[in-house]
Amino acid sequence: MPKMTMVQALNLALRQEMEKDDRVVVLGEDVGVDGGVFRVTEGLIDRFGPDRVLDTPLAESAIVGMSIGMAVYGLRPVCEIQFSGFTYLNFHQIECHASRLRHRSQGRFTVPMVLRTPYGGNVRALEHHSESREAFYAHMPGLKMVIPSSPRNARALLVSAIRDPDPVIFFEPKAVYRAFREEVPEEEETFPIGQSVLLREGRHVTLITYGALVRPTLEAAERLSKEDGIEADVIDLLTLSPLDDTLFVNSAKKTGRVVIVHEAPRSYGPGAELVARLVERAFYYLEAPVRRLTGFDVIMPLFAREKAYFPNPGRIARAVKETLEVAA
Amino acid sequence: MPRKPLEVDSPLEFLAILDEEGLVDESLEPKLSQDLLLKLYRFMVLGRRFDERMLQLQRQGRIGTFAPIKGQEASQLGAVAALEPRDWMVPCFRETAAQLWRGTPMESVLLYFGGFDEGGRIPEGQKDLPVAIPVASQLLHAVGLAWAAKYRKTDEVAMTFFGDGATSEGDFHEALNFAAVYQTPTVFVCQNNQWAISIPRSKQTRSRTLAQKALAYEMPGIQVDGNDVLAVYTAAKEAVDRARSGGGPTFIECVTYRMAMHTTADDPSRYRSEEEVAQWARKDPIIRFEKYLIAKGLLDSKAIEAMALEADSAIQQAVKRYEELSQTLGDPLQMFDHHFEQLPAHLLEQREELRRYLKEEEEETRHA
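Quick note, the sequences are listed as chains S and Z, same order. So in my numbering, spot 74 of the first sequence is number 156, and the numbers just go up one at a time. So in my numbering, spot 251 of the second sequence is number 257, and the numbers just go up one at a time.
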């Protein structure tokens, strides 16, 4: 199996789906000749032509609004918004139309579109290029919200998202784009939307995370195992909506202790939903308060200070130890 | 390096065919069949009378807030009559007459404004999008639909409706720009009814006309007398034919007037004068079309009365069906339907939760 970066894996997913199904159309700013600013759509225009890979004018609302019309008429548009910090300009189209047309038309029209966008920090980018606002979309009825964490699951999830009959918001952790390579099979691979995975098994504590923080969390778990003999279940959510709570609730019942790790701001963030589900479903199994290790409720600092903002393996490991120190 | 005027072609025109007295400019008169002329008249009358009935129903508390169409019948029907059933129609929230023309049953309109989501359902095969409330947002859907039609190599057209206020929204400009760049078969029909709630056209934009906005996007733009159904039809037909034959989008400004309130929750006496309304009442699109049809020998007072009765009886039946349906559509669990192709686990759970509450409430009521 070839080893690929997440960018290459996403490109593979797009290319194969476009080959298989001529309803799949890619559109966005600079996705054609330039191949996307992160090169996710590289080479697609040469292969499929400018009728299926649209270099659009600069207008996020139009890209999404037009995708909605295309999807209603049975196409499978995959639009790219260059950075998640610019999706606010199309938020209106997602909230008022993409997420609602199936319901508004009582099932007559559906919006099988995917909105792909890079999110998150740690790439020393400009203002508005580093924040993590997945909660906006995970909160929205009628929408699916997916965040892959590795090249292989990114490819499999993107294929599933394109084939999904409902609108999917697909947040790509740009810190992972080229951070490492992973074997990705050339042949088709999908992964169900709405399913989490257990990446590491342990009995002492449950770590729940997703996206760019999966790797630092795994690193912390390794360190805790080696240095302190603490064994953690590590769960990668992969889909924030609909949320698979069975896996992490069962894990919490087993370990009794939970640390949630995400880079989004804490208040009303995805962690708050996880804590609520744990309290509703595993309250009597919990032996310590659930800990949220997250980004702060601050405007994302410019890159000179961004490292300080993110949970890192050291912080994760300390949070785990503090949670374990609470007497049962 | 001189300063000189830019060479920008201005093909903008104003088109009127039928004046307030029902007199027609024969050189511009479209050659429409008797059937089409009478059908247009019938739907104008039906639209007007249905609107008036809805206003009564709203005042009686039998339906909720809605946006009356009175005065805009010619703009809507003249435009939509230029479409074929295979074309797409993308309305905003004030296109009741256009919706009826396209085949949406009156009881669906009543159900929608009566607070039942089921009213949003469009009959199978009818290529209309449901009502869109957020201003100008739906224009982009028409661009996407038209793009898809072109991609599928069909000759279908997408026509979308919006008001003068919508031309201030970003989505309006993005839609015109995208449609022009991609040369999509889209017809933009602006019903300039002079008021965006309380803001007059003159305070909405400094542009002397709305039609001229088309120039910035290099697409044909035309201003028409929106109370003249023949002029609206002529402009729309030209636009639809051009779009269908690969000529790209068109922007049509229909100069018309909203005779009633913005919605039933609005009181227009706060911001506009009786004199202004009276002045526009003299330009009534139905009266002038009626005069034209009488002069043509296609209508007489007997036929007019018969059509009014026919419309009223259809409306009465629709209201009856609406009230029967609204009795049977009470199940609140319906709110969980049509969110996804398959209902995810958390929604199944929440649905069950509501079902339990409802059962408990019913039992409590029974014991009380």
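Just so you know, these hints were derived from the structure itself, not from any lab. The reader is advised that the hints may include incorrect statements.
[As the list claims (entries may be wrong)] Partial chain Z-side listing against chain S, Cβ under 7 Å, derived:
1. 121
2. 122
3. 140
4. 146
5. 356
[What the hints assert, rightly or not] Some residues of chain Z that are not near chain S, with every Cβ distance over 10 Å (derived):
6. 149
7. 155
8. 188
9. 292
Quick reminder that beta carbons are idealized off the backbone N, C-alpha and C, glycines included.
Against the structure shown, which of the earlier numbered hints fail to hold, in ascending order? 1, 2, 5, 6, 7 and 8
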